[in-house]
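A.B. asks: Sequence:
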Amino acid sequence: MVEESKFSSIQTTEYDMTDDELLECCYSANLMTPDNKSISTHINNILQIPDYLSMKNKKIFEDIFHQKIDDSKSSMNMEELRLMTILMHQLNVLNLDKSLWNHYFKSGTSTLLTTNETNFKVWPLKIKTMIQYAQCPTRINNDSNQILVNDNMCLKYVNEYLQELNIKQQQLQEQLLLKQKQMYGYTNTTIENILHTFIQEQNQNLRLQYEYDMKLVEFDYREQLLVHKFQQENPTQQQLELIKHLFHLKYDYETARQDVLWAEQYINNNKLPEILRRVESSLPSSIHLIIDTDLHHQLCERHRKITRNYRVEMMKIIIDTMKVKSEESQKLFDDKLANMWHDQHLLPIEQRFNQTMIDIIHDHLLFITKKIEFLYPDNNVTK
1 MVEESKFSSI QTTEYDMTDD ELLECCYSAN LMTPDNKSIS THINNILQIP DYLSMKNKKI
61 FEDIFHQKID DSKSSMNMEE LRLMTILMHQ LNVLNLDKSL WNHYFKSGTS TLLTTNETNF
121 KVWPLKIKTM IQYAQCPTRI NNDSNQILVN DNMCLKYVNE YLQELNIKQQ QLQEQLLLKQ
181 KQMYGYTNTT IENILHTFIQ EQNQNLRLQY EYDMKLVEFD YREQLLVHKF QQENPTQQQL
241 ELIKHLFHLK YDYETARQDV LWAEQYINNN KLPEILRRVE SSLPSSIHLI IDTDLHHQLC
301 ERHRKITRNY RVEMMKIIID TMKVKSEESQ KLFDDKLANM WHDQHLLPIE QRFNQTMIDI
361 IHDHLLFITK KIEFLYPDNN VTK
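Going by full-length UniProt numbering, the letters in the sequence shown line up with residues 1 to 383, in that order.
Do not take every clue at face value.
[What the hints assert, rightly or not] Derived lysine-lysine pairs resembling DSS-like cross-links, with alpha carbons at most 30 Å apart:
no.: 1; residue 1: K325; residue 2: K121
no.: 2; residue 1: K244; residue 2: K215
no.: 3; residue 1: K215; residue 2: K37
no.: 4; residue 1: K68; residue 2: K121
no.: 5; residue 1: K371; residue 2: K323
no.: 6; residue 1: K370; residue 2: K331
no.: 7; residue 1: K68; residue 2: K58
no.: 8; residue 1: K370; residue 2: K98
no.: 9; residue 1: K106; residue 2: K215
no.: 10; residue 1: K179; residue 2: K244
no.: 11; residue 1: K156; residue 2: K179
no.: 12; residue 1: K106; residue 2: K37
no.: 13; residue 1: K179; residue 2: K229
no.: 14; residue 1: K156; residue 2: K68
no.: 15; residue 1: K316; residue 2: K244
no.: 16; residue 1: K179; residue 2: K56
no.: 17; residue 1: K305; residue 2: K336
no.: 18; residue 1: K316; residue 2: K128
no.: 19; residue 1: K68; residue 2: K56
no.: 20; residue 1: K370; residue 2: K121
no.: 21; residue 1: K229; residue 2: K68
no.: 22; residue 1: K370; residue 2: K128
no.: 23; residue 1: K229; residue 2: K331
no.: 24; residue 1: K37; residue 2: K59
no.: 25; residue 1: K98; residue 2: K156
no.: 26; residue 1: K325; residue 2: K215
no.: 27; residue 1: K370; residue 2: K106
no.: 28; residue 1: K106; residue 2: K68
The set of hints was computed from the structure by calculation and includes no laboratory data.
Please read these numbers as outputs of a predicted model, since none were measured by experiment.
Work out the full structure: start from the sequences and follow the hints.
C.D. replies: In structure tokens:
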């Protein structure tokens with residue numbers, strides 16, 4: 001039998017390792033420990049063995065694999081195959097994480113937008129928080145204004161993180177290639193394609209979450225760029241307070257509007273909020289104790305009818321309440337906007353918003369609408 005590496009020596013015939021022991025086997029002997037412990041901890045956390053490849057679900061993994069492969073490969077060591085799939089999963093996660101951190105890098109080096117005409121840099125709060133935590137983990141402060149982190153510190157940290165990702169990626173790739181060579185019955189055109197498809201299917205939600213996070217980086221960058229451009233026009237403190245309040249009202253209105261769409265979407269898809277789903281399943285225990293089957297059936301039907309009507313009425317109340325809030329918040333915003341423009345015409349020309357300011361305010365209001373729609377993706381699935 002071919003001599004196996006430390007990673008591939010795990011067999012199920014004599015002893016099954018726990019997932020913690022498996023991770024220790026994977027990393028302690030083969031992967032370098034980064035100098036920056038917070039980076040090492042973060043990367044190791046995202047490389048944890050997923051539930052669908054855990055020891056407790058290995059029988060499910062084996063059954064799925066046997067359904068997809070012909071009988072000629074059924075003699076393959078399934079534990080070795082699971083370990084190979086774990087490596088492939090980890091490489092997939094590293095690719096996703098690298099894309100996100102490249103977005104962080106671009107945001108902090110003014111290269112996120114190809115049309116960016118300014119040298120405007122934004123390091124996401126997550127980066128600043130991770131740096132502060134690495135410096136003093138017992139005194140973390142979530143207020144971005146209190147995080148004393150400069151541009152060079154952020155750039156150094158992100159570069160180190162991306163370096164460690166590349167190192168881990170190369171090491172895992174080498175482990176995977178070695179394992180593929182050593183595994184009896186493995187062929188690139190069959191097993192690898194099956195495992196790759198399986199991983200992509202299982203990691204779909206993870207991929208969507210990473211894509212969401214990347215898009216959120218872009219939204220945050222664009223919004224801060226709008227604020228920066230407005231400040232470049234040297235507004236007065238009164239003008240800054242005015243548009244700050246206006247944007248706050250706009251956020252309230254757009255959020256309330258999306259809440260209404262969310263509730264209506266639930267009804268259209270025959271879904272219920274969690275609190276109403278609990279009502280649906282909570283049959284009184286006293287009904288269960290009734291011996292008379294006819295009476296038991298009658299009471300169950302009455303209970304179902306009452307709870308069904310209750311849920312319908314409650315959803316109506318929820319939606320009506322949301323609509324009232326949406327209408328009220330819209331009126332507050334519309335009135336504030338109308339009053340602002342009215343007051344502008346009463347001011348001396350030198351105290352009014354200039355045309356560039358007006359254009360930025362207009363763009364920012366449109367941007368808020370798009371951002372809130374992005375934060376409510378379920379409302380836009382069927383559009």
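A.B. asks: Is K370 within 30 Å of K331, Cα to Cα?
C.D. replies: 20 Å, holds
A.B. asks: Hey, K370 versus K121, does the alpha-carbon distance stay inside 30 Å?
C.D. replies: 22 Å, holds
A.B. asks: What's the verdict on K68 and K58, does the C-alpha distance respect the 30 Å limit or exceed it?
C.D. replies: With a Cα-Cα distance of about 16 Å, the restraint between K68 and K58 holds, given a limit of 30 Å.
A.B. asks: Hint check: K156 vs K68, CA-CA at most 30 Å. Holds or violated?
C.D. replies: 46 Å, violated
A.B. asks: Regarding the pair K98 and K156, is the alpha-carbon distance no greater than 30 Å?
C.D. replies: Holds, at roughly 16 Å.
A.B. asks: Given the hinted pair K305 and K336, is their Cα-Cα distance within 30 Å?
C.D. replies: 47 Å, violated
A.B. asks: Are the Cα positions of K229 and K331 separated by 30 Å at most?
C.D. replies: 28 Å, holds
A.B. asks: If you draw a straight line from the CA of K215 to the CA of K37, is it 30 Å or shorter?
C.D. replies: 28 Å, holds
A.B. asks: For K106 and K68, compute the direct alpha-carbon distance and say whether it is at most 30 Å.
C.D. replies: 41 Å, violated
A.B. asks: Below or equal to 30 Å on CA atoms is what counts here, so check K325 against K215.
C.D. replies: With a Cα-Cα distance of about 28 Å, the restraint between K325 and K215 holds, given a limit of 30 Å.
A.B. asks: Just to be careful, I want the Cα atoms of K370 and K128 compared with a cutoff of 30 Å; is the pair within it?
C.D. replies: Holds. K370 to K128 sits at ~26 Å (cutoff 30 Å).
A.B. asks: Keeping to a limit of 30 Å between CA atoms, is the pair of K106 and K215 held or broken?
C.D. replies: Measuring from Cα to Cα gives roughly 13 Å; hence the hint holds.
The structure is inconsistent with the numbered hints 1, 4, 10, 11, 13, 14, 15, 17, 18, 21, 24 and 28, although it conforms to all the rest.
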